[in-house]
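Novice: In order, the protein sequence lines correspond to chains A and B. So in the numbering used here, spot 72 of the first sequence is number 72, and the numbers just go up one at a time. So in the numbering used here, spot 54 of the second sequence is number 54, and the numbers just go up one at a time.
These aren't lab readings, by the way, just hints derived from the structure by calculation. Be a bit skeptical, because a hint or two may be false.
Below 20 Å or equal to it, Euclidean Cα-Cα: the simulated SDA-like pairs (lysine to any residue) are [what the hints assert, rightly or not]:
| hint | chain 1 | residue 1 | chain 2 | residue 2 |
| --- | --- | --- | --- | --- |
| 1 | B | Lys-201 | A | Leu-188 |
| 2 | B | Lys-201 | B | Glu-219 |
| 3 | B | Lys-201 | A | Arg-61 |
| 4 | A | Lys-70 | B | Lys-201 |
| 5 | B | Lys-201 | A | Arg-89 |
| 6 | A | Lys-180 | A | Gly-169 |
| 7 | A | Lys-70 | B | Phe-25 |
| 8 | B | Lys-201 | A | Leu-88 |
| 9 | B | Lys-201 | B | Asp-166 |
| 10 | A | Lys-180 | B | Ile-39 |
| 11 | A | Lys-70 | B | Ala-23 |
| 12 | B | Lys-201 | A | Asp-156 |
| 13 | A | Lys-183 | A | Ala-139 |
| 14 | A | Lys-171 | B | Glu-10 |
| 15 | A | Lys-171 | A | Gly-150 |
| 16 | B | Lys-201 | A | Ser-50 |
Residues on chain A that point at chain B, a partial pick, calculated with CB under 7 Å [said to hold, decoys possible]:
| hint | residue |
| --- | --- |
| 17 | Glu-35 |
| 18 | Ala-38 |
| 19 | Trp-40 |
| 20 | Gly-46 |
| 21 | Arg-48 |
| 22 | Asp-53 |
| 23 | Thr-77 |
| 24 | Asp-126 |
| 25 | Arg-131 |
| 26 | Ala-134 |
| 27 | Arg-143 |
| 28 | Val-146 |
| 29 | Ser-168 |
| 30 | Ala-172 |
Facing chain B, from chain A, some residues (calculated, C-beta under 7 Å) [what the hints assert, rightly or not]:
| hint | residue |
| --- | --- |
| 31 | Ala-55 |
| 32 | Arg-74 |
| 33 | Tyr-149 |
Beta carbons are placed, not taken as given, at the ideal position from N, Cα and C, and that holds for glycine.
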Amino acid sequence: MTYADLSDEELLAASRREGADRAMLVNELFARHYERVARWCLRCTGDRDSASDLAQDVFLRAHRHLDLFKFESRFSTWLYTIVRNESLRRLDRHRHRPLTDSDEVLAELASIDLAPDELAHRSQRDERLKRFLAATLDAVERRVFVLHYGDGMPLDAITRLLRLDNASGAKAYIVSARRKIVKVTSRLKARGEGL
Amino acid sequence: MSDERATGLEHALAATPDCVPVARFTETLSDRERQHLEICARCQSELALWSEFEQSHPAADEGVTVSWIVAELARLNQPVSGGAPRTPFAWLAAPLWRWGAAFATVALVTTGVYLLQDREPAPRELSNTPQTYRTVQLEIRGPVGDLTAPPGAIDWVAPEGAVGYDVEVFEVDRTPLWRTTSSNSHVELPAAVVRQFVPGKAILWEVRARNAANRVIAESGTQRFRVAIAGSSPKG
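With the rest of the complex left out, here is chain B (with noise of 0.2 Å):
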């Protein structure tokens, strides 16, 4: 069957203005609304779906991963040791100084670091987790694990007979934020990319490298990093 007649009977199976939003699945339905619901496949899966989110508990073999999950929601959003309460996400409504502040901090501290050492900044800095980490082909360096600080950059061992890169940066479901070629076993992260490393979102990278034939040589396979929140403590 062809895109185009999946794509038609996904605009079949829409909702429609008839169909009955759910916040009114909450009251009590009008006789038209109620006469829809009896013969609206959607409305009716709706109200399934939405039943299942509101009253539902977890299954017994869902307990401990949901309560996992759960006490990991808790502890991105725990009290700052010694400080006030902070609330979950709170760090997102920060006014925009302190963001900005944020980031000439970690722009200042690389720079510093960069300038007393004059070379790159080393995987050490990118990462509190082992520094190296080997994969099926091409051993990287960083950013991998739970990071103190958005990092700016990524870094990867050159591979014997390398003469170019391609990197590329995603969300965790692979919505790509940022792609480029080096030919160098380094890449700066733009400002742009690294401010969508807000603390607790996990990100992806990938690196591959190519010979002078164009032929991909070497691979990175999926790295993962993620920003830790301040007053949670990182992990590898």
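For reference, chain A alone in the conformation it holds in the complex (with noise of 0.2 Å):
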């Protein structure tokens, strides 16, 4: 049996038996994500060289933490979590919050400032948030909107991850459900109802 015939997670379990040979395996794992890592981390920054040391940061820290690795998880999952937490942790050091607008309906979905004996029903709030989302918009707009507001990834970005081939990308996925907002809300409102 080669290296190849052994899964992910075979390779791993392999690397850590006593006299293996941890750093060849380890190499092997690893160069069978590369592609992968590298597709999500140029889409993710949308330039060569920011995608590189992202890409690079990713594997050192999966590195680092290989041996908190229990199994419970398909090793791809794992490097997903990763990658895609890495790339979130850059994108917000480099944001600016999406939410400088002043557009009403965005304010309204956000007006999360409830009153003290409202807090214990947060939990409840945010989930009607959802719920409104969910019955609101189409898949593809709430995927964008969740991303944009809830993550603070850029539009451009947002595109690339999810292959967005219209052309104009997130940003008109962005426009419609704000639009489909508005419309829904202005409803609401007329009929004395809140979300």
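Join these two chains into a complex; the hints should help.
Specialist: Right, dumping it as structure tokens:
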């Protein structure tokens, strides 16, 4: 049996056995995922050098934490969480909050400044917002909305990561989502109802 | 909209304890998880991103760039010539004494050169790239490019009228690593900072020169260097 016959998890388990050539086995394991990590990083950052730096940091972090992998998920899923978190960590440091506009609809959605006696119900309100989005927006609009307003991900990164091939990418979905939200909330307001 | 409100929306859209963990996406979901997934925009977004990571292939316009990044990752981990194959990022797993010995060697060599020449380390010791890199205003000496060892100092040419300098060192995402002021056109990097210059990791730095009126009169722009991994070819 060669290394190529082993699954990622088998390869990692083999690397932990006494006397194993850990270095070589981990090398093989990581090399299997270079392309998908490189692809993700390119889509996230949009340029080659930043993507290369991000990809290197992802594998550095993966190597540092490799012993924490408990075989409770697939290795690629574990690696995905590192890629995702590392990407968002960077975006978080760079981003300008997307919610700087004065859009009244978004302000309404974001008006979580509840009275003290309402704080206990905050989780219910968050749940209601998610249900509202599910009922109001289509699948792609929901994804774009959550990634942009929930994670602060730039629209161009969302366009590349979700491979949106329409002319204006994620921006079109945000515009469409906001239009729908305006329409529904206006209707609710006219009936004297909230979210 | 205020930041507070923005944070409120982020909170409202964040994962909750009911959300399906990413690790479960490869398994058969329970009825409860499926029902949650149907209404939870957060989980749907996570599933979409994870699917793209797991399943997609480079688009036509990505292929060349992705190949370049893959080659770069492989280059950083290629076998040392004549030696045993190394593992990717295996240098991270090196015992502490090896790290200690490596830094001690660098420190010893730097000190030796300093004592022998009775002057600050020349730029050539900091970089294998052209030693002077002219930015818009401030002429810098190094370190820049790919280096064979972690640099111990930052050097530049003092512009006329400068009485002090602001020096900043960052990670590539501009997370500050170190910040100082100096009245000389040279600053020694503390050992704790140098320790963060691990092979393969790109580091940025900037210098701003100030005059007696405390005005910025020259800037280096953002400079970049990286300590090459043994066995790979440093590039400028």
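Novice: Does the alpha-carbon distance linking Lys-171/A and Glu-10/B stay inside the 20 Å limit?
Specialist: This hinted pair holds, its Cα atoms lying about 19 Å apart.
Novice: Within 20 Å, alpha carbon to alpha carbon, are Lys-201/B and Ser-50/A?
Specialist: With Cα atoms ~12 Å apart, Lys-201/B and Ser-50/A stay inside 20 Å; holds.
Novice: Given Trp-40/A as an interface hint, is its Cβ closer than 7 Å to any Cβ of chain B?
Specialist: Nearest chain B Cβ about 6 Å off; hint holds.
Novice: Lys-201/B and Leu-88/A: Cα distance at most 20 Å?
Specialist: holds (19 Å)
Novice: Is the interface hint for Arg-143/A satisfied, with its Cβ closer than 7 Å to some Cβ of chain B?
Specialist: Nearest chain B Cβ about 4 Å off; hint holds.
Novice: Sort out whether Ala-139/A lies within 20 Å of Lys-183/A, counting only the CA atoms.
Specialist: Within the cut-off at roughly 18 Å; holds.
Novice: Does the interface hint hold: is Val-146/A within less than 7 Å of chain B, judged Cβ to Cβ?
Specialist: holds (4 Å)
Novice: Go through the hint on Thr-77/A and say holds or violated, using the shortest Cβ distance to chain B against 7 Å.
Specialist: Interface hint status for Thr-77/A: holds (5 Å vs cutoff 7 Å).
Novice: When you check the alpha-carbon spacing of Lys-180/A and Gly-169/A, does it fall within 20 Å?
Specialist: holds (18 Å)
Novice: Is it true that the CA of Lys-201/B sits at most 20 Å from the CA of Asp-166/B?
Specialist: violated (23 Å)
Novice: Using the nearest Cβ pair, does Ala-55/A come within less than 7 Å of chain B?
Specialist: holds (6 Å)
Novice: Lys-171/A and Gly-150/A were given as a pair; does the straight-line alpha-carbon distance stay at or below 20 Å?
Specialist: Roughly 15 Å separates the two Cα atoms, so the pair holds.
Consistency note: the structure conflicts with the earlier hints numbered 1, 2, 4, 9, 12, 20, 29 and 30.
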